Amino acid sequence: MSAIYILWLRELKRYTRSRAQIVASLGQPLLYLLALGFGLGPVFKRAGNGSYLQFMAPGVIGMSVLFSSIFSGLGLLWDRQFGFLKETLVAPVSRIQIMIGRTLGGATVAVIQGMLVLVICLIAGFRPAHFAAIPLAFGFMVLIALLFAALGMAIGSGLQDMQGFQLIMNFLVMPIYFLSGALFPLTQQGVVMKYVTRADPLAYGIDGMRNVLGSPLAAFDPRLDLAVLVVVGCILLAFGAHRFNKIEI
Amino acid sequence: MIRVSNLVKSFGSFTAVNDISFEVPAGEIFAFLGPNGAGKTTTIKMLTTLLNPTSGSIELDGLDPLRNKNEARGRFGIVFQDPSLDGDLTARENMEIHGVLYHVPSKLRKQRTEELLKLFELWDRKDEQVKKFSGGMKRRLEIARGFLHTPRILFLDEPTLGLDPQSRNQLWTHVKRVNEAEQVTVFLTTHYMDEADRVAHRIGIIDHGKLVMQGTPAEIKEQTGSDSLEDAFLKLTGSTIRDESADPAANMRQFAKMWSGGRR
Numbered sequence: 001m002s003a004i005y006i007l008w009l010r011e012l013k014r015y016t017r018s019r020a021q022i023v024a025s026l027g028q029p030l031l032y033l034l035a036l037g038f039g040l041g042p043v044f045k046r047a048g049n050g051s052y053l054q055f056m057a058p059g060v061i062g063m064s065v066l067f068s069s070i071f072s073g074l075g076l077l078w079d080r081q082f083g084f085l086k087e088t089l090v091a092p093v094s095r096i097q098i099m100i101g102r103t104l105g106g107a108t109v110a111v112i113q114g115m116l117v118l119v120i121c122l123i124a125g126f127r128p129a130h131f132a133a134i135p136l137a138f139g140f141m142v143l144i145a146l147l148f149a150a151l152g153m154a155i156g157s158g159l160q161d162m163q164g165f166q167l168i169m170n171f172l173v174m175p176i177y178f179l180s181g182a183l184f185p186l187t188q189q190g191v192v193m194k195y196v197t198r199a200d201p202l203a204y205g206i207d208g209m210r211n212v213l214g215s216p217l218a219a220f221d222p223r224l225d226l227a228v229l230v231v232v233g234c235i236l237l238a239f240g241a242h243r244f245n246k247i248e249i
Numbered sequence: 001m002i003r004v005s006n007l008v009k010s011f012g013s014f015t016a017v018n019d020i021s022f023e024v025p026a027g028e029i030f031a032f033l034g035p036n037g038a039g040k041t042t043t044i045k046m047l048t049t050l051l052n053p054t055s056g057s058i059e060l061d062g063l064d065p066l067r068n069k070n071e072a073r074g075r076f077g078i079v080f081q082d083p084s085l086d087g088d089l090t091a092r093e094n095m096e097i098h099g100v101l102y103h104v105p106s107k108l109r110k111q112r113t114e115e116l117l118k119l120f121e122l123w124d125r126k127d128e129q130v131k132k133f134s135g136g137m138k139r140r141l142e143i144a145r146g147f148l149h150t151p152r153i154l155f156l157d158e159p160t161l162g163l164d165p166q167s168r169n170q171l172w173t174h175v176k177r178v179n180e181a182e183q184v185t186v187f188l189t190t191h192y193m194d195e196a197d198r199v200a201h202r203i204g205i206i207d208h209g210k211l212v213m214q215g216t217p218a219e220i221k222e223q224t225g226s227d228s229l230e231d232a233f234l235k236l237t238g239s240t241i242r243d244e245s246a247d248p249a250a251n252m253r254q255f256a257k258m259w260s261g262g263r264r
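So the sequences go chain by chain: A and B. The first sequence begins at 1 in my numbering and counts up by one. The second sequence begins at 1 in my numbering and counts up by one.
It is possible that some hints are incorrect.
[Said to hold, decoys possible] No farther apart than 30 Å at their CA atoms in a straight line, the calculated lysine-lysine pairs in the DSSO-like style are these: (1) B/107 / B/69; (2) B/126 / B/210; (3) B/126 / A/13; (4) B/126 / B/107; (5) B/235 / B/221; (6) B/131 / A/13; (7) B/126 / B/176; (8) B/126 / B/110; (9) B/176 / B/210; (10) B/176 / B/107; (11) A/13 / B/107; (12) B/176 / A/246; (13) B/210 / A/13; (14) B/210 / B/221; (15) B/210 / A/246; (16) B/110 / B/176; (17) B/110 / A/13; (18) B/221 / A/13.
Honestly, the hints are just simulated from the structure, not real lab data. Note that the structure is a prediction, hence the values are computed from the model and not measured.
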């Protein structure tokens with residue numbers, strides 16, 4: 001237990017110490033909110049779908065949780081290169097504890113990041129249906145964060161160099177984001193897009209937040225959102241643990 | 001204490017460690033010498049459960065590190081050849097993580113951290129982030145950390161690389177002290193033959209993955225008809241220079257240095 005705690009704490013300390021990184025990682029969602037939120041807002045309204053800001057705020061929150069959590073797993077690459085991974089792998093602690101500590105740490109950081117973006121959204125003019133809905137949205141953030149921290153861990157366990165990292169960024173992380181319906185509604189898509197977006201776990205996370213926060217154009221039943229996140233999350237946690245267990249240096 | 005028989009490790013068609021066998025009895029300081037790329041680090045990685053051997057067997061303090069990984073890990077400590085600190089944490093936090101991972105009780109952890117950081121003259125900088133440390137300070141911190149828990153076996157993979165003579169002296173004095181006082185078995189690699197000659201009870205020389213000779217420093221000098229261990233080493237391994245190809249880790253470090261202005 002203490003090993004899990006100390007590794008969790010390490011992730012948190014690293015996060016709070018890299019202030020430049022916190023500011024930088026808030027810049028991107030802010031850009032989406034301002035550029036797209038205000039830029040596409042009038043078109044969205046004219047199409048009869050109400051406020052674009054109301055619609056996309058959960059998407060932008062989902063984006064920052066996705067990036068932050070998946071990066072924490074890919075951070076294994078850095079720890080591998082700078083050697084700290086070795087230090088933890090030779091310690092008399094089971095790999096599963098190390099994996100859990102790191103995943104929980106990464107997920108915690110991602111949720112903090114998501115809450116900060118929620119605050120920014122509120123400042124920008126986003127209004128949830130009830131403020132009582134915020135704890136529920138927080139719950140969805142936790143699920144998204146755990147799911148993608150585990151996915152990041154599964155991928156990070158096999159990453160050897162920067163090129164691999166770029167590949168994952170361009171061919172996995174960005175598609176997960178763009179196909180999640182963070183920026184456009186999933187309600188009236190053609191057949192291909194319908195199935196592709198439905199295979200994206202982030203779609204359910206963002207849709208879940210739309211449901212509980214009362215944003216327009218939610219596509220699925222909130223119970224379906226919850227079920228998919230829990231099931232896929234558990235599978236990815238097991239998969240991440242399995243991959244982490246296989247690391248050789 | 002350490003028993004290795006017919007150990008082999010191949011990476012594809014390349015055999016890094018080719019059928020080596022040796023034994024290190026309890027309480028001995030054993031130096032494992034060899035040119036770059038001879039297979040020293042690969043052997044240490046297998047001994048410390050970081051790599052699985054292709055074939056052969058290992059016994060650490062009576063345990064098979066392949067089957068009882070965690071138990072075996074509890075018996076040894078290691079100072080790696082490459083850096084393995086977390087640069088974003090302070091010196092004390094790096095020590096603390098190590099102590100927790102090795103189940104050192106909190107009170108003892110604090111006490112030993114203070115002793116060791118003072119011994120390696122890092123106590124004044126204990127609350128500074130490690131990325132601000134110089135190369136020598138980081139090295140000293142790694143060594144101090146290796147001594148935090150009292151292992152039965154201590155692996156030192158080129159521990160003196162990049163250390164000034166003062167720190168080197170401090171290190172070997174301390175290694176000898178724990179070896180004598182606590183009967184810690186020490187398995188070390190180094191490129192400095194004079195250190196091996198001075199510290200080690202016995203020496204094994206490895207080249208191209210094969211163990212070419214083992215014995216006390218005196219025996220090795222005698223058998224090769226050399227005055228110094230350095231001469232003996234050159235006679236056994238030849239005088240051509242070996243180059244290791246840069247591994248991805250080294251490339252990454254280079255890359256990171258460029259980006260962070262060398263703060264790591």
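Quick rundown of the hints versus the structure:
no.	hint	result
1	B/107 / B/69	holds (27 Å)
2	B/126 / B/210	violated (42 Å)
3	B/126 / A/13	holds (16 Å)
4	B/126 / B/107	holds (17 Å)
5	B/235 / B/221	holds (10 Å)
6	B/131 / A/13	holds (14 Å)
7	B/126 / B/176	holds (25 Å)
8	B/126 / B/110	holds (12 Å)
9	B/176 / B/210	holds (28 Å)
10	B/176 / B/107	holds (26 Å)
11	A/13 / B/107	holds (22 Å)
12	B/176 / A/246	violated (36 Å)
13	B/210 / A/13	violated (45 Å)
14	B/210 / B/221	holds (19 Å)
15	B/210 / A/246	holds (28 Å)
16	B/110 / B/176	holds (23 Å)
17	B/110 / A/13	holds (20 Å)
18	B/221 / A/13	violated (52 Å)
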